[in-house]
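As you go down the protein sequences, you meet chains A and B in turn. Letter by letter, the first sequence follows residues 1 to 270 of the working numbering. Letter by letter, the second sequence follows residues 1 to 311 of the working numbering.
Simulated from the structure, these hints should not be mistaken for laboratory data. Some clues are possibly wrong.
What the hints assert, rightly or not - In silico lysine-lysine, BS3-like type, Cα no more than 25 Å apart, as pairs: (1) 107(A) / 148(B); (2) 104(A) / 19(B); (3) 139(B) / 107(A); (4) 189(B) / 104(A); (5) 189(B) / 148(B); (6) 104(A) / 148(B).
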Amino acid sequence: MVTASIAANIAARVEPSRVAAVVARNVGALRSGPAYWVVLVSGFFEPLLYLLSIGVGVGALVGDLTVDGQTMSYAQFVAPAMLAVSAMSGALAETTYNFFFKLKYMKTFEAVLATPVRPMEVAVGELLWSVVRGGLYTVIFLGIMVAFGLATPLGALAALPAAMLVGLSFGALGMAVSTLMRGWQDFDLLTTGQFALFLFSGTFSPVQNYPAGVEILIQLTPLYHAVELVRGLAIGVIGPGLLVNVAYLLAMVAASLWFASRRLERLLLE
Amino acid sequence: MADEPLIYARGLVKRFSRKGAEPFTAVDGIDLDVAAGEAFGFLGPNGAGKSSTMRMIGCVSRPTEGELRILGMDPIRDGARIRSRLGVCPQLDNLDPDLTVRENLTTYARYFGLSREVGRRRAAELLEFVQLADRAEGKVDPLSGGMKRRLTIARALVNEPDLVLLDEPTTGLDPQARHLVWERLYQLKQRGATLVLTTHYMDEAEQLCDRLVVMDGGRIVAEGSPRSLIGQYATAEVVELRFADEVDYSAKLEGIGRLDPLPDRLLLYADDGDGAVSEVHRRGLSPSSVLVRRSTLEDVFLHLTGRTLVD
Ligand SMILES: Nc1ncnc2c1ncn2[C@@H]1O[C@H](COP(=O)(O)OP(=O)(O)O)[C@@H](O)[C@H]1O
Ligand SMILES: [Mg+2]
C-alpha cells in the first residue's frame with residue numbers, strides 16, 4: 001500500500017537521536033518566558049467553551065438523540081467532537097504558527113540543517129512536539145469529560161489513542177501547509193478553513209442530516225474522520241467503519257510528512 | 001585518504017533558477033584544493049559567489065555542475081556524515097532567541113548526537129574560549145553584534161570539527177570586536193584547525209589566511225599566499241598621490257611605475273616608494289598630498305578587476 005511504502009521510506013530517513021534533539025530544542029524554548037504559556041492555555045479553552053455553551057446550553061433545547069441505535073444526551077454527542085477539535089487545534093497551532101515562525105523568521109531550521117540533522121528528521125521532530133501539545137490538551141479534556149459524566153472512564157481510555165492520532169495527523173497536515181505559506185496573510189485562509197471544518201464535520205449534528213451531496217463532501221474531509229473515530233470509541237459504538245477513519249488519518253500523516261520534508265529541502269537546501 | 005585534500009573541487013558551478021528569466025550563475029566553474037591544517041580564504045566583493053561556494057562546501061546546497069568532495073566524501077550521498085564533522089558559521093547569525101546563550105550550545109551539541117554531559121562540558125569550555133562565560137544564562141538578543149558572532153563561532157566548534165567554515169566572520173563589527181574575533185580565530189589556527197573563511201576585508205585575509213583565492217563574478221581570478229599575490233600583482237610599495245586640480249597627470253607620470261587612476265587619487269606602484277616620490281618632484285609636479293605605504297591585497301584586487309573591494 002502507498003501509505004506503508006511512504007512510511008517505510010520515512011523510517012529509513014530518520015535517526016531517533018536526531019529527532020529527539022529537535023524535540024529537545026522545543027522543550028528548552030518552553031522556559032523562554034510566559035508568552036508561550038499564554039498561547040498554550042488560551043488554545044485549550046476554545047473547544048471547552050463550545051462544549052459548555054453549545055453542548056450543554058443548546059443541548060437543553062435539543063434533548064436526547066439516537067446515533068447508530070444508541071441514545072445519548074446532546075452534550076454526550078458533542079463532547080467527543082470537541083475532544084477531536086481540541087487535539088486538532090493543539091497540534092495545528094504548533095505546526096502552523098510556531099513552525100512557520102521558526103522556518104521563516106527565526107531561521108531555526110537553517111541552523112539545524114547545517115548539522116547532520118536532515119529535513120525529514122526536522123519534520124518528524126517538530127511533528128512529535130506538536131503531538132505532545134495536542135496530547136496535553138487531550139488528556140485534560142478527557143478528564144473534564146469524565147468529571148462531567150460525558151464519557152465513562154473506559155470510553156475515555158479508548159478515545160485517548162484516537163485523539164492522539166488526530167493530533168498527529170493534523171499536526172502533519174498543518175506542517176505541510178505551513179511550508180507553502182507566503183506570509184502571515186495566508187493564515188487568515190487557514191483559520192477560515194479550520195473553522196469550516198469545525199462547524200460541518202459532524203461536530204454539532206450527525207452528517208446524515210445534510211443533503212446527500214454535502215454529506216459525501218464532508219466525508220472526504222479530515223476532521224470528519226477524526227470526529228467519527230473519537231466519538232465511536234468514546235461512546236462505545238465500534239464497527240469496521242473506524243478502520244476506514246484510522247486509515248484515512250494514517251495516510252494523512254505519511255503524505256503530509258513526506259510533502260513537508262520535500263518542501264523543507266526545496267526551501268532551505270537550494 | 002590520508003593526503004586527500006579536505007576540500008576538492010573541479011569545475012564547480014552553482015546556478016539559481018529564476019522565475020521568468022535565465023538561470024543566474026553565482027559560481028562559474030571553480031577549482032579548489034584545501035589541505036588539512038590550512039587557513040584558506042575567499043576574498044571578493046559582495047555578489048562574487050563566496051557564500052554560494054561556502055554553502056556547497058557545507059553540504060547545504062547542491063552543486064549544479066562539477067565535482068566536489070569534502071573530507072573525501074560525496075556531499076550528495078554522505079551529506080549528513082560530512083556535516084557531522086564540519087563547523088559552520090554562516091554569514092548571518094541564526095542563533096536561537098528562545099534559548100539562553102549556554103543552551104544555544106548544548107542544544108546544538110545534541111544535533112550532532114553528543115550526550116548531554118559532553119554538550120555541557122564543551123559549552124562551558126567554549127564559552128570561556130569566546131569570553132562569554134559571564135553571559136551564559138542570559139538570552140541571545142541583548143548580546144552585541146561581536147558577542148553574537150563569537151557565540152556563533154563557539155557553536156560551530158561544539159562538535160570539534162575537522163573543518164571550520166566561516167562566512168564573513170567579522171563583517172559589520174566595530175574594530176575592537178573584529179580584533180577579538182581575529183584573536184580567537186588565530187588561536188584556533190595555532191591549534192591546527194583547518195579554517196576556510198570568506199571576507200571582503202583584505203586586512204582580514206592578510207592576517208588570517210595562509211592561502212587565498214580572489215573571487216569576482218563567480219570565478220577565481222587569482223590564487224596564492226597573501227604575500228605572493230602582492231608580489232605577483234602589486235609592487236612592494238604604493239604611492240598615493242592627490243592633486244588639487246582636475247588635470248590628468250598620467251602622461252607626466254609615465255615610466256615611474258604602473259599607474260592606477262582612481263576618482264579621487266592616483267596610485268603609483270613602485271618597489272621604492274620614496275624614490276618614486278623624488279622622481280615625481282623632479283618632474284616638477286607638486287601633488288597636494290603624498291602617501292607612501294606598503295601595498296595590500298586591496299591593490300591586488302584593484303589591479304585584477306579594476307574595482308575596489310569595499311565601496
Ligand atoms: N538563493 C539564491 N537565488 C538566486 N540568486 C542567488 C541566491 N543566492 C545567491 N544568489 C545570487 O548569487 C550571487 C552570488 O551571491 P553570494 O554567493 O551570496 O555572493 P557573496 O557571498 O560573495 O556576496 C549574487 O548575485 C546573489 O544575488
Ligand atoms: Mg556572502
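Check your understanding: Against which earlier hints does the structure fall short, listed by number upward?
Key -> 4
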